[in-house]
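Could you put together the complete structure from these sequences and hints?
Note that the working numbering has the sequence shown beginning at 6, numbered continuously upward.
There's no promise every hint is true.
Here are the simulated EDC-like pairs of lysine to aspartate or glutamate, each with C-alpha atoms no more than 16 Å apart in a straight line [claimed, not checked]:
#1 K1043 with D1098
#2 K480 with E621
#3 K1004 with E954
#4 K376 with D628
Just so you know, the hints here were simulated from the structure itself, not pulled from any lab data.
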Amino acid sequence: MSTSSAFNDEKGGSSSVGEPEYGHDPASGGIFSSDYKRHDDLKEMLDSNKDSLKLEAMKRIVAMIARGKNASDLFPAVVKNVACKNIEVKKLVYVYLVRYAEEQQDLALLSISTFQRGLKDPNQLIRASALRVLSSIRVTIIVPIMMLAIKEAASDMSPYVRKTAAHAIPKLYSLDPEQKDQLIEVIEKLLADKTTLVAGSVVMAFEEVCPERIDLIHKNYRKLCNLLIDVEEWGQVVIINMLTRYARTQFLNPNINESLLEEGGGGEKTFYASDEDEDEDEEKEKKAEAVTMAKRKPYVMDPDHRLLLRNTKPLLQSRNAAVVMAVAQLYFHLAPKAEIGVIAKALVRLLRSHSEVQYVVLQNVATMTIKRRGMFEPYLKSFYIRSTDPTQIKILKLEVLTNLANETNISTILREFQTYIKSMDKDFVAATIQAIGRCATNIGEVRDTCLNGLVQLLSNRDELVVAESVVVIKKLLQMQPEKHSDIIKHMAKLTDNIQVPMARASILWLIGEYCEHVPKIAPDVLRKMAKSFTNEEDIVKLQIINLAAKLYLTNSKQTKLLTQYVLNLAKYDQNYDIRDRARFIRQLIVPTEKSGALSKYAKKLFLALKPAPVLESPFKDRDHFQLGSLSHLLNAKAGGYQELPDWPEAAPDPSVRNVEVKESVPEWTKCSSREKRKEKKVEKPFYSDSEGESGPTESADSESDSGSGSESGSGSEDSRSGSESDESKEASESEEEEEEEEEDLKKKKKKKNEEKQLKKPVQESESEQSSEEEVRKPERKSKQNKSESESESDEDEESESESSESESEDSEDSEAELKKKKKVAPPKPAFKAAKKENKKEKKEMSLLDLDDFEPAPSPQVTPVNTFLSNSLVTDLEGLSLSDAALMPATIAPSSALKSYELLHRITGEGLSVEYCFSRQPFSPDANMVAVQMHFTNNSTSDTKSLHMEDVKLQSGMRVKEFPEIELLPAGETATAVMGIDFCDSTQAANFQLCTHTRKFFVSIQPPVGELMRPFFMTENEFKKEQGQLMGMNEITEKLTLDVKCRNEHTIVQKVTTAANLSRVPCGSDKECRFAGRTVTSSSLVLVTVATKDEGAAQLTVNCEKMVIGTMLVKDILLALTQ
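Structure (structure tokens):
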């Protein structure tokens, strides 16, 4: 309390401000103190010459504002301190002014020159605060000053100030919309900013000011995708929502072929017409088929589309529910059907959060489950209702459970519903009964069960349960009334007890509609109702009149007088709807001379067959609103909502997202000799370090320099994602010192070759193509567009290799190795050979680049084996390439794969079946082992309809059946691929192999070596992982190798034949290392074979799963000692 005592000394202990006043916070003021005295002490402190007092006063004032107290009467006293030299005081003054500048605009304007000076302050926080205050003064006079301040702040050195400038843009736009064009220029400038701090704020400004200007995003798209992971959470939400809209305008629908199939299936019927036009129709049909087939060309995902999906996926693990929700809606609206499933787990995780978050998430899940039911089925139990849930959450969970109901899980869901009916929450019980009704309409098999259950509820003591049941039963009975006359009779008896108007009205409607099924009961019900007519609710009275009319038309003998009595009562009713209905019905059913032609059709009008009501989800058409938006939540368009655009029919030009690269010399080099070399090469475009941040930008093809395709391969593969390329750079830099001199010589030779090859002077070097490519231009004109887009999307980094040494080590290493292998040839033929290989490699890379979402089938993979020799692969393995690039080389060729007999030709009556484990990834499901089956028909007759049935598996195992082979002619063979998830065990998968006449019981049992897939790792990673898998997880065996089996090549061959593992590079000649992961659980499997003198060796297997480790040791021992 040093400041308060100093203050007392300064005031001289005057009586007006005594000690007691400091007993409580002066900022809060007394209840009875007069307003003009309330803040006197604070005003005096603010007028003081001591900074410490001013600071204390400002802290109290800001605390008051934080507690929601009004401190506006202190404005003049605070504004005076805006020019204070003390930075701490100045910051707090600015905080106060941001809050009250809008209310006290005239006073704030007086100190505007101080704010302008604040914009030049050396402290970034003061500059930002000054801009914030300036943009909070909402007076049109100072718009030009604000505009100037925003433009200056947009170029500020500090990212924090630039962020504040982005925040100020929407404020200025709302004050004066005419400034839009100038503001768009500032937004364009800030969008090019490379800092994560600014990204979210400027995209928010873009959304507020000019969301329609998609062209501003093109050049920044890749950068925003790459920065996304590091932006603050609210920025991530804004950017993801904007990129969702952007992607819907720039990329093709990844599920387009599915929608075309549906359209094609429905469209065929329209082609049939009269016999006269038959020929024309056939032509039309052929044309239409051709159009459909042309439309159904194989879908290839744009690499930029893939980049967005890949970079948002990690955010599903964000702690912020809004970020997870944003990514979920992005995947729902943009991802291929097969990939949407990843969001289910993240959304289910959010259900453990607060009820407000649960409410929003469940609204979105309810919408998703209508179109994509399958992805939430595994999490069914997460949507079971807890007694502590609020009613709204319960009803939404019910909605989700109803949407997820199908033939397999309906019994468990109905059991859940039975317990919910006993709840004390009446609204929830009513919703549950409606949910049972919806399940009954959607799933025919349980309709009768549900009806019987609902009829039992009619004897419930709770009137609301009975009433709701009646309404639902009425809807169900409309589907097949003739079967259920007993239920109608039972409900007729309830009219004495049920008092809920809606339920009474439903019963009367049912009896009237199906009065022919209950001819004896219906007149009696009408008699009872006529008695109580005057006391009934309006909705019931209308149904009594309807019942009377229907009975008059079908059974006028018994009901003529009753009908007239009811109509007379209705004639004098207080409600004019009932009076009008009675007058209308009397004219219609009681024929008189005046009655018109309508009375002839009275029976058709009243007793027409009425379609059964369709019980639909209230969320059925909500997905036309963007998920996660307020409009979706309210099911009504909210202010400021932007519609989600439809997918384009043809893909817009992807080259608009390529960033032009400015030519510049790197400021840093390793040595003077290199500096000279780089000066010579300046004329070629390259990426500077800062531009590398913008992610997969456009590349300059200089692949012909490398003399082989492998360099461009490593370039495109390394750049697949930022993290991979970083790893490869680190790995290659460690090798650099040893090979530096050798590379220098290679570079000089390469330079000479280039000079010979490129005799033509090239004037213009476009950013998409380097000078070499221009030399080749005539040969490639036809493929130019394609290759440009490929090179851009692959994000090749060869152009970097010419300018920045450390970044090009990968390509130079591989180049050095390749040049060792190649014989010296004259320059021109070498150039041609390079060109051929490049084209081949180009093709390969485009295929491999798609493996993110479409694993390459075997025919496309095999060519890699031909030009990636084993020794070269071993050399390249030190580089951290992605899995796809090296996988083919480590898979044993198909001839070496061991075949197993599934069905002998004698047992199979002429049909023999063999199978082998193809060791290719099984594209429909990565957790399954691909099993290739080879069918041979040795009989004299054709075999038809080859398929699988009655699959018997151990718990946890799964099978993806092979497609049915409709015909296998005599003497012919056929192959098919099926997938089996063995659940990391060697238990057999048993099933029946069926033809059109016979069934054969067969089983497939995998060797333990086929339960894994290769996994690529460096030597250091191997040692680190091995260190973590010691003790129980390590199994060691000693063995003696045969004389033929002592060389490295044979050991590698035998181990990789026994188990599907990949080779790990090793510095020692005495050790061979292998690594893999189990297919189902991705558990690491590490194998080391250490050779010693005279054929002695030691086999070590480290595996997280001890059973697999033990079995694998036996198999590898057997392979090595045979």
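Structure-based check of all given hints:
1. In summary, the hint linking K1043 to D1098 is supported, as the alpha carbons are separated by about 13 Å, within the 16 Å threshold.
2. Under the criterion of a C-alpha separation no larger than 16 Å, the hint pairing K480 with E621 is consistent with the structure, at around 12 Å.
3. Taking the CA atoms of K1004 and E954, the gap is near 9 Å; set against the 16 Å cutoff, the hint holds.
4. For a cut-off of 16 Å, the pair hint linking K376 to D628 stands: about 9 Å separates their Cα positions.
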